[in-house]
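Here is what each chain is made of, one letter per residue.
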Amino acid sequence: MPRPALRLAVEIDGDGAHPAAWRRAAHSPGELLTPRRLSRVASVAENAGFTLVTLDDSILPPGSGAGPAGRIGAVERAAFVAASTSVLGVAPVLATTYAEPFHVSSQLASLDHVSAGRAGWVVGVETDPAAARAWGRPPVEGPDATAREARDGLRVVRDLWDSWEDDAVIRSVATSRYLDRSRLHPIDFAGETYAVKGPSIVPRPPQGRPVVLARPGIVPAELTDVALIGGGSVADVAAAAAGDTATPRAFAEIEVALDTPHETARERITDLERYAPWTARPDRLRYTGPAAGLVSLLTELHGHVDGVRLHPLVLDEDLAVLSRLVLPELVVRRIAAPPLPGTTLRASLGLPRPLSRFTTTDSAAATPVREEIR
Amino acid sequence: MTRTDPADVPRPGAQLHFGVFFQGVNHWTIWSDPSSGSQIDPASFLRVARTAERGLFDAFFLGDGLRLRESEGGIHELDVAGRPDSITQLSALAAATERIGLVSTSNTTFNEPGDLARRLAGLDLLSGGRAGWNVVTTHNAWTGENFRRGGFLDHADRYRRAEEFLSVARAVWNSWAEGAVAGSVDARSWSVPEAVGRVRSTGAHFDVDLVPTLPRSAQGHPVIFQAGDSGEGRDFAARQADVVFSAHGTDFDDALAFAEDIRRRLRAAGRAEDALRILPGTEIVIGATEKEAEEKARWVRLGQVTPAVALGIASRLWGFDLSGRDADGPLPAEEPVVAAYDGRFGTRQLGETLDTVAEWRAKAEANGWSLRETVIELGPQRGHVGTPAGLAERFARFVRHGALDGFNISPYLVPDGLDDIVELLVPELQERGVYRSAYTGTTLREHLGLAPVV
Chain A
1 MPRPALRLAV
11 EIDGDGAHPA
21 AWRRAAHSPG
31 ELLTPRRLSR
41 VASVAENAGF
51 TLVTLDDSIL
61 PPGSGAGPAG
71 RIGAVERAAF
81 VAASTSVLGV
91 APVLATTYAE
101 PFHVSSQLAS
111 LDHVSAGRAG
121 WVVGVETDPA
131 AARAWGRPPV
141 EGPDATAREA
151 RDGLRVVRDL
161 WDSWEDDAVI
171 RSVATSRYLD
181 RSRLHPIDFA
191 GETYAVKGPS
201 IVPRPPQGRP
211 VVLARPGIVP
221 AELTDVALIG
231 GGSVADVAAA
241 AAGDTATPRA
251 FAEIEVALDT
261 PHETARERIT
271 DLERYAPWTA
281 RPDRLRYTGP
291 AAGLVSLLTE
301 LHGHVDGVRL
311 HPLVLDEDLA
321 VLSRLVLPEL
331 VVRRIAAPPL
341 PGTTLRASLG
351 LPRPLSRFTT
361 TDSAAATPVR
371 EEIR
Chain B
1 MTRTDPADVP
11 RPGAQLHFGV
21 FFQGVNHWTI
31 WSDPSSGSQI
41 DPASFLRVAR
51 TAERGLFDAF
61 FLGDGLRLRE
71 SEGGIHELDV
81 AGRPDSITQL
91 SALAAATERI
101 GLVSTSNTTF
111 NEPGDLARRL
121 AGLDLLSGGR
131 AGWNVVTTHN
141 AWTGENFRRG
151 GFLDHADRYR
161 RAEEFLSVAR
171 AVWNSWAEGA
181 VAGSVDARSW
191 SVPEAVGRVR
201 STGAHFDVDL
211 VPTLPRSAQG
221 HPVIFQAGDS
231 GEGRDFAARQ
241 ADVVFSAHGT
251 DFDDALAFAE
261 DIRRRLRAAG
271 RAEDALRILP
281 GTEIVIGATE
291 KEAEEKARWV
301 RLGQVTPAVA
311 LGIASRLWGF
321 DLSGRDADGP
331 LPAEEPVVAA
341 YDGRFGTRQL
351 GETLDTVAEW
361 RAKAEANGWS
371 LRETVIELGP
381 QRGHVGTPAG
391 LAERFARFVR
401 HGALDGFNIS
411 PYLVPDGLDD
421 IVELLVPELQ
431 ERGVYRSAYT
441 GTTLREHLGL
451 APVV
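So the sequences go chain by chain: A and B. Counting from 1, one number per residue, gives the positions in the first sequence under UniProt numbering. Counting from 1, one number per residue, gives the positions in the second sequence under UniProt numbering.
Among these hints, one or two may not hold up.
[Said to hold, decoys possible] Cβ-Cβ distance ranges computed for the label pairs, FRET-style:
hint, chain 1, residue 1, chain 2, residue 2, range
1, B, Gly346, A, Thr360, 21 to 31 Å
2, B, Ala272, A, Thr34, 26 to 36 Å
3, A, Ala221, B, Phe206, 34 to 44 Å
4, B, Thr356, A, Ala246, 52 to 62 Å
5, A, Thr34, B, Ala358, 31 to 41 Å
6, A, Ala130, B, Gly346, 36 to 46 Å
7, A, Thr360, B, Gly179, 53 to 63 Å
8, B, Gly13, A, Pro139, 49 to 59 Å
[Unchecked claim] Coverage of chain B stretches by chain A, computed from C-beta distances (three or more under 8 Å per stretch; other residues unrestricted):
hint, segment
9, 114 to 120
10, 298 to 312
If you are wondering where the hints come from, they were derived from the structure by calculation, not from laboratory data. C-beta atoms are modelled at their ideal positions from N, C-alpha and C, and glycine is treated no differently.
So that you can see chain A by itself, here it is in the shape it has in the complex (with noise of 0.2 Å):
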């Protein structure tokens, strides 16, 4: 049986994945915190095929030292491009370390309804001392610290999205009630450092949970549905994604600069290394070169992965190459696929809908479980 075929993703916070890429994008430094400006790229991409956009971000400013960038929330950011297009799935990236998981999870499953059903969720970790300072919250200090409050705010998270039964809502004009409240449910979280009682006050996100998307470590792997997975090459992502069976799906991470119809890719690195170096990460792959290229790798990826998420040198430069020469390619030759109308994020991963671990027997033979098209 043929693999299914790729599912693409894009990273389109700021500028492109490098440091100083706003000196060569298409438009003045303050357009980037423009709402054209992020509906623009957000069209590229859906019109493009990807199936999904992460959005970067933090409390603190990105970049370093005097100077620095501005960056709108992920969420908010999240939310407008849900509006903006209609089969793009959408998932910013959020960290528990200081946020508090309550909002959080209202926040994702709103981010789900507005999109309706297109919403996920990169987990992220503060790890800097400053992000504490920011937050005005007592510093969550070292490896075990900072991996208890992500795996405890994902608890809580999911649990939440739980909380309310799918079918929560009855409309029972002969009882006079609007809902049922045994189809709703307290979490009683109760962790190491803090408790949550529940229930949400967000009815059960059309997906039931938003995709959750991680790199492996951050979180247990059985309560995330994508591993984000790297490696130096193509056998290191092979062998990361052969070897986490804990996780439903695999994407590799990859940096590219393509070759655009002017200048090639090692020429446009060139030019942005004058300001700041492109220091390669152990935990993504890096292609250069011409479009062609990229065809080849992902085609070779696509026997050990179930998707790939991309970070483009330069957003502007490099998605119109990715959206010209590399998707249509790729859809060609049946090694990637754009997500159908209508479909939920889940499904065009090839997840199923998740009931409610709370859902009561009675009402679980109400209502099965079904493959969602909304």
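Chain A is fixed; fit chain B onto it per the hints.
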């Protein structure tokens, strides 16, 4: 009703400002009608927001509540409930609307200023300067059970925390000087380092140190709304708010007394009397004739105050469960149980228990009302009923006499409960010169006629 001669009134040129409050939680929204739509589907929010924009409203307003309300020993089942996170929903609406202001109710007790100020600033930029923030406080430990810190705040401290919160939020919003963002890709850095201020604040409630991530919006920063009606709440509004979302907009004398009280507090706070807009919450029921309007209002009240809702309201007043009683029978014979209020049912909607019960008993007896009739007549309510022309005359008088600056209107039906107001009432108001005929600005601050942020 006689036509007001504009020459005889204190504010002959005054105009009304309308907001729409998509409530999402409470018994005012009739869910039993076949035309009642989803309370969570984005299409419902879009329909209401676009109708309001067609009617040249200043603002679309969302509420907030951080725990599902409880009654009779469990989650309250009778009213609409389950609503989106307001800033997330409004960020989506920013993409689908052009002019209308987008106001989020957000809580200062269970948020942190660095984070919430940033979220609101993001909404403000994405909407081109249309964001507003209705600042609310809570202190009850029951709500705190959904948060890491639990219940941590004394009742007396809730406005102190809110005020310190707002002070940090303003510092965050004002940290990027004009011209801080580089004008070209050849600049030395993305922003001018000396033009981006660091926010350091150490007070009784917050100890923060951050570099904010955003410059100012087209309106400077979000417009501040305030809704608390206590003396403390009114003083807070007089010191800090741009708009008061009051509960005094039905009776003219009551509205005027409230407005004068607010103006007195503004003067005491050293602010100009016109520095703040007063927008009472209201419901508006419209009919082609007075009789038709009254009949429609009757239908609305019966839809809102079902027998079960009437017993629920009475249970909260009497302090014990009356759900097994007959709503069409007399008021309970028992004396009420007066207990400390723990916040399980949101903002308290009725006055002092013993006084209220005594008043209900006297009036029910005098008029021969059942329990349900009594709740309909005397229970929590607000609103205006009339013909388009009659309402327009009444509202013109309110605004020209300085009793209010407009209304935050709660439609009793979602999503099409605003249609009559936009199609029938707005033209009558426009004809009388008390309502705009086009948006003249692009930001919420401009819509409200507020002075620019300095």
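Notebook entry, point to check: Failing hints, ascending?
Noted result: 5
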